[in-house]
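Engineer: Sequence:
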Amino acid sequence: MKPRVYCAGPLFNACEKREMTLIANRLQAHGYPVYLPHRDGMEFKNILPLLVARDYAPADAAEFLHKSIFALDVYQLAVACDAMVWNLNGRVPDEGAVSEAAIAWTLGKPLVAYSDDARCLIEGRFNPLLVGLVDFEHTDDLDELPILLGEAIGEAAADDHTPAAIEDMPRRFRQTVADGERMWDLLSDRDAAENNVLIADTVEELFAPQRDRVLV
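Take any residue in the sequence shown, note its place counting from 1, add 24, and you have its number in our numbering.
No wet-lab data here; the hints were simulated from the structure. Some hints here could point you the wrong way.
[Unchecked claim] Pair by pair, the computed Cβ-Cβ distance ranges are: (1) Ser212 x Ala142: 32 to 42 Å; (2) Asn37 x Asn70: 17 to 27 Å; (3) Glu229 x Ala181: 23 to 33 Å; (4) Arg149 x Glu191: 30 to 40 Å; (5) Ala142 x Ala83: 36 to 46 Å; (6) Ala189 x Lys41: 11 to 21 Å; (7) Phe36 x Glu218: 18 to 28 Å.
[What the hints assert, rightly or not] Within a straight-line C-alpha distance of at most 30 Å, the following computed DSS-like cross-link-like pairs (lysine-lysine) qualify: (8) Lys26 x Lys41; (9) Lys91 x Lys69; (10) Lys69 x Lys41; (11) Lys91 x Lys41.
All C-beta atoms in this analysis are idealised placements derived from N, C-alpha and C, irrespective of residue type, glycine included.
Given the sequences, and given the hints that come with them, work out the whole structure.
Structural biologist: Written as structure tokens, this is what we have:
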């Protein structure tokens, strides 16, 4: 099986979600398993009312629910996925995707970028702190994405490159990965993933304030 790919990019309106789904579908058509956050992750709108019903203030519930989404996505980047495809489109690149790209780059994961949007260019070029993460290269052709991804994965393998070991990372990072793994174990179980109450229970256990548990 080909390496599993994290698809990062803007997901805040229907058009952005369609474009990210198009990218994911293109990769899957070439045999790559894909993690697409808005499709495979957790639905914020489904869990928040359950937490509010447990007497958490809406703002407080939203805060620790966001922590659970952060942990889930960090786990996917650090452990579950082997590479990342980054959609840079937008008036400015999506802030979350920029953070995800930085994490993937720091961990040494193969990383390629796509953009056919000129609005975020600075004098015709992307911000160097963005495209530096992808060796100052990107494609504006969706059909080329799987090719570039395959090349990046092949180069990493040829270099006998080993991604950063999680156990060597700072404790806060390790804890986030461990919490994200708990969330993913739940979401990847079809029966559990359809049980929003069970998901809310786990979010509350791991991320609500004043929890009492042993940290990794």
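Engineer: Look at each hint and say if it fits the structure.
Structural biologist: Cross-check of the supplied hints:
1. A beta carbon spacing of about 39 Å between Ser212 and Ala142 agrees with the range 32 to 42 Å that was offered as a hint.
2. Taken as a hint, the range 17 to 27 Å holds for the pair Asn37 and Asn70, whose Cβ atoms sit roughly 19 Å apart.
3. Checked against the hint of 23 to 33 Å, the pair Glu229 and Ala181 fails, with Cβ atoms roughly 39 Å apart.
4. Taking 30 to 40 Å as the suggested C-beta distance range, the pair Arg149 and Glu191 conforms, at roughly 38 Å.
5. Roughly 38 Å separates the CB atoms of Ala142 and Ala83, a value that falls within the hinted 36 to 46 Å.
6. Under the hint 11 to 21 Å, the C-beta atoms of Ala189 and Lys41, about 34 Å apart, miss the expected range.
7. A hinted range of 18 to 28 Å for the beta carbons of Phe36 and Glu218 is consistent with their spacing of about 25 Å.
8. For the given pair, Lys26 sits about 24 Å from Lys41 by alpha-carbon distance, which is consistent with the 30 Å threshold.
9. The hinted pair formed by Lys91 and Lys69 meets the criterion: a straight-line CA distance of about 15 Å does not exceed 30 Å.
10. Our distance criterion of 30 Å between C-alpha atoms is met by Lys69 and Lys41, whose separation comes to about 16 Å.
11. In summary, the hint linking Lys91 to Lys41 is supported, as the alpha carbons are separated by about 22 Å, within the 30 Å threshold.
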